[in-house]
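Use the sequences and the hints to build the structure in full.
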Amino acid sequence: MGRPLIEVDNLSKRFAVMGGPLGVRTVGHVRAVDGVSFAINEGETYALVGESGCGKTTTARTILRLFTPDGGQVRVEGRDVHALTGVELKEFRLAVQAVFQDPWASLNPRMRAGTLIAEALKANRRVSKAETKARVAALLERVGFPAWKADLYPHEFSGGQRQRIALASALITDPKLIVLDEPVSALDLSVQAQVINLLKDIQAELQTTFLIISHDLDTVRYVADRVGVMYLGQLVEETRAEELFEHAKHPYTRALLASRLALHPSERGEGAPVIGEAPSPMEPPSGCRFRTRCPHAMEICEQVPTMVQLDVGHTVACHLYSQ
Amino acid sequence: MNDAQLQYEGDGPAHREVVLQVEDLRMHLHTRWGVTKAVDGVTFDLRAGETLGIVGESGSGKSMLALSLVRLTPEPASRFVGGRVLLDGEDLIALSDKEMRRIRGKKISRILQDPHQSLNPVFTVGNQLKEAIRIHEGAPTKDETKRRAIDALRDVQVPEPERRLKNYPHEMSGGMKQRVVGAMAMVYTPSVLIADEPTTALDVTIQAQYLTLLRDLQRRTGVAMIVISHDFGVIAETCDQVAVMYAGRFVEHGPVAEVFDNPSHPYTRGLLDSHPRYVGRGERLRSIPGAPPELSDLPAGCRFRARCEHAVAACGESDPTPVRVSNQHTAWCFRTEEAPWADR
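Protein chains in written order, with the working numbering: chain A, 2 to 324; chain B, 3 to 346.
Calculated from the structure, these hints are not laboratory results. A couple of the hints might just be wrong.
As the list claims (entries may be wrong) - Counterexamples of contact, computed for chain A against chain B with all Cβ distances above 10 Å:
1) Gly21
2) Glu45
3) Glu89
4) Met112
5) Ala138
6) Glu157
7) Thr174
8) Leu190
9) Pro266
10) Thr307
11) Val313
What the hints assert, rightly or not - Computed beta-carbon distance windows for the label pairs:
12) B:Gly282 <-> A:Gln310: 27 to 35 Å
13) B:Arg286 <-> A:Arg113: 25 to 33 Å
14) A:His265 <-> B:Asp26: 25 to 33 Å
15) B:Met102 <-> A:Ala135: 56 to 64 Å
16) B:Gly282 <-> A:Leu207: 53 to 61 Å
17) A:His265 <-> B:Ala302: 34 to 42 Å
To be verified - If we take Cβ atoms under 10 Å as the criterion, some of the chain A residues that face chain B in the derived model are:
18) Met19
19) Ser53
20) Gln162
21) Ser191
22) Ile197
23) Leu218
24) Ala256
25) Leu262
26) Glu268
27) Glu278
Using N, Cα and C, we set each Cβ at its ideal position, and we do this for glycine too.
Below, the structure is given as structure tokens:
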């Protein structure tokens, strides 16, 4: 684990909300990501967790250059991702790849597995047919398929197999970073295990950096080195994975952990700890955004909390911990 | 605390009357590609106030079993080729479609964890709730229907139920919609409620609320529940007994704590071991190799054999017979007694 590969600096992304009689007038903005900063070191697995709508996917897609930020920067090895042009942009596209949640939607049903896997390479680099074929075969084998499966179409694979194809197509450019957006949550548990094991093996082998977006805390505990917890577009806590699961500080993180299902019937919980659901990101509460659901809300929570460092590498944005 | 709560809290479900008896149920799907044995010999009893969990992978037949119990299997492919489903003593398989419509939603209901699949986006929730009330009674008056709809929402703790009736599903939050679906299923206080879960997981907070809703409905009404899930966490949270389903059949069935503590079928063991919760960070997740067999082309003998690391020659020769692990705990495996998977 070394220097930061990705630096996200005060990142903001708004989306216009359309309304009016024809649905073409901007009636407001959703601040999907609102001042998020974190760094991902080379070779580590960083996880962003939070409920639907917390901005974790928007953050990831902005890093991938699928969205342009409205404020702040994303830097890869010190260079602003959204200012890249020409050769540098091509290099970025080779260096950063993604695997998405739904393998039924992310693989073009009319392309054969081999073509899908080779696509990113062909689009960005001049390679001979023979070399492409050899690389595809090697990658198929790496994700556990015989080479002849390159001729099959996506519908001939099961969900877990498709996710392995998606992973192979991300690996073909030898990326430095792979963004994994809910890579296993559409899969059966027994199949999730296969994909998670494969991800861990590949990281150990190639030292690829992973950014994993997930709402499944069990998976995150198992795969991540460091975790950032997001709530309504902001980062509320960040620390090492073991630390987060042992000593979570932010009331929201604790509520998320308490919502996890029992491991054994004897640990059966009674009642959901977080009362109600997240407020609309169109009109987030003033001050601390979690205060409307927080059991410890105080008067001072009407003011915006700042990130404070509690321990080496453990930061939290909550008034309970600021003097 | 009302009468229902007094009645159903405290005493164990084992003493209560059996409300649902499923005997050797077989539901096959006849398609162009052959016969898919989606449910192929399932037997269990369910008592009032009791919750049975059915757990298995996609393609294990668990959702087809749920659909069979309410007779909503895909037409015209499905054929009930054997067995009985006795609800309060009446065989649902023998009923005509018309007779079944009188029972479905009144004595046996099915709800989905994801409310987006259950509510019609173009009607108000009041409209849909009132339809669920009107469909079973000799047209109650408008006022009476409305009153019952409001009561049903109040029962599931929907605030301001009068106002909520006028809302469309998109105007409600996910948790609120779940409660509306719960209210719809419970307007007639059925004997059996089937809760079916899609594979795609919801947020942990929403899922926790859903399980709280189910527990609350059961405590209030004493309804017997069948919870269909692929996640042992959901089973641990809600169930009294659990059945592990594989290729259209139960492979293990018993009290939930016993199955967790002493999994007596290699498939159960494999499912538990593949959960990241049960494994330390440094350890490897144990995945079950391969995928469930095609239900239209089943192997002879034990159906799990091809994926089982403990398979022996006998497994390929005949169907495994049930082995009693304890009084109420059964596993269908030739090697249950020696249990080579136990010391992990």
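Evaluation of the provided hints:
no. : hint                              : in the structure
1   : Gly21                             : holds, 18 Å
2   : Glu45                             : holds, 14 Å
3   : Glu89                             : holds, 37 Å
4   : Met112                            : holds, 23 Å
5   : Ala138                            : holds, 22 Å
6   : Glu157                            : holds, 13 Å
7   : Thr174                            : holds, 27 Å
8   : Leu190                            : violated, 5 Å
9   : Pro266                            : violated, 5 Å
10  : Thr307                            : holds, 26 Å
11  : Val313                            : holds, 20 Å
12  : B:Gly282 <-> A:Gln310: 27 to 35 Å : holds, 28 Å
13  : B:Arg286 <-> A:Arg113: 25 to 33 Å : holds, 32 Å
14  : A:His265 <-> B:Asp26: 25 to 33 Å  : holds, 32 Å
15  : B:Met102 <-> A:Ala135: 56 to 64 Å : holds, 60 Å
16  : B:Gly282 <-> A:Leu207: 53 to 61 Å : violated, 24 Å
17  : A:His265 <-> B:Ala302: 34 to 42 Å : holds, 36 Å
18  : Met19                             : violated, 15 Å
19  : Ser53                             : holds, 5 Å
20  : Gln162                            : holds, 8 Å
21  : Ser191                            : holds, 5 Å
22  : Ile197                            : holds, 6 Å
23  : Leu218                            : holds, 7 Å
24  : Ala256                            : holds, 7 Å
25  : Leu262                            : holds, 3 Å
26  : Glu268                            : holds, 7 Å
27  : Glu278                            : holds, 5 Å
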